[in-house]
Amino acid sequence: MQIVPSGSVLVGAGALELKQEGVPLDWMEFAQPQHTVVIKHDFAVSRYPITLGEFRQFVRASGFEPSGGCVHYDGTRWKVQRKWSWKKTSFEQTDRHPVVCVNWFDAEKYVHWLNRQTGGGYRLLSEDEWEYAARGGSKDRRYWGDDTDHSIQCQYANGADFSYSRVYGKDHSANLKCSDGYAHTSPVGAFRPNAFGLFDMLGNVNQWVDNCVDSDTSSEQRQCRMKGLRGGAWSDPPWAIRSADRYRDLPSTRCMGIGFRIAKTL
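Counted the way the working numbering counts, the sequence shown spans residues 1 to 266.
In short, the hints are calculated from the structure, not lab data.
For clarity, every value in this text was computed on a predicted model and none was experimentally measured.
Keep in mind that the hints are not guaranteed to be accurate.
[What the hints assert, rightly or not] Keeping only pairs whose Cα atoms sit at most 27 Å apart, straight-line, the calculated BS3-like set for lysine-lysine is:
| id | residue 1 | residue 2 |
| --- | --- | --- |
| 1 | Lys109 | Lys83 |
| 2 | Lys87 | Lys109 |
| 3 | Lys177 | Lys19 |
| 4 | Lys79 | Lys109 |
| 5 | Lys139 | Lys264 |
| 6 | Lys177 | Lys139 |
| 7 | Lys40 | Lys139 |
| 8 | Lys109 | Lys264 |
| 9 | Lys88 | Lys109 |
| 10 | Lys19 | Lys139 |
| 11 | Lys264 | Lys40 |
Please build the complete structure, drawing on both the sequences and the hints.
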């Protein structure tokens with residue numbers, strides 16, 4: 001775990017950023033209005049997304065076994081296939097890779113188990129906490145700078161690029177300015193961290209957050225139809241790998257581009 005200091009930052013994306021990044025119109029509805037977030041107390045964040053090895057330990061110790069079925073990308077579209085699960089994906093994963101094919105409820109069960117083992121305090125991040133932590137004190141679109149031509153993204157994040165295109169063919173949305181060496185997930189910590197010492201805050205896997213994202217960004221209700229996802233994944237274009245980018249999905253969704261990380265109240 002890495003301690004994130006208290007402070008404030010402007011989160012969200014303005015119209016200019018959305019236009020310059022080429023964010024699709026139907027995606028802009030997820031762009032929250034820019035506002036200042038004040039984090040009043042230090043909190044801790046896992047340095048990496050939860051790994052396959054860590055999740056495997058949880059399953060063995062708790063006896064909980066997530067059901068099979070996972071949304072898989074076949075090169076043309078994402079679709080559910082029953083044969084895939086957190087322990088068997090369509091691409092190679094080691095215990096140092098981020099666990100995928102876990103839904104929001106699976107992440108919550110992991111947190112509850114961890115609290116029973118350690119005495120408490122662990123949880124998922126809120127959206128505001130996540131973006132504050134992801135920015136690492138930076139006002140830029142990404143913690144390595146605005147990087148509008150995306151030429152240095154491959155030093156910091158695993159996204160859709162040359163490596164991805166070699167496997168999945170020509171993709172006009174992919175970043176063809178560089179190659180990060182991974183067509184799918186990468187081992188955690190393979191890229192440079194942000195200023196807070198956090199790895200893979202952008203790219204590799206989307207990360208579940210605690211918030212309901214049905215209507216307004218401030219909703220903290222526990223029962224809602226959609227949960228937030230942040231960070232972008234190995235299959236995402238550059239516009240989706242930004243600190244301000246937001247997505248949402250059903251909390252029951254298990255996908256090969258979705259994992260999670262945890263926080264701890266200090």
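Hints breached by this structure: Of the numbered hints, all hold.
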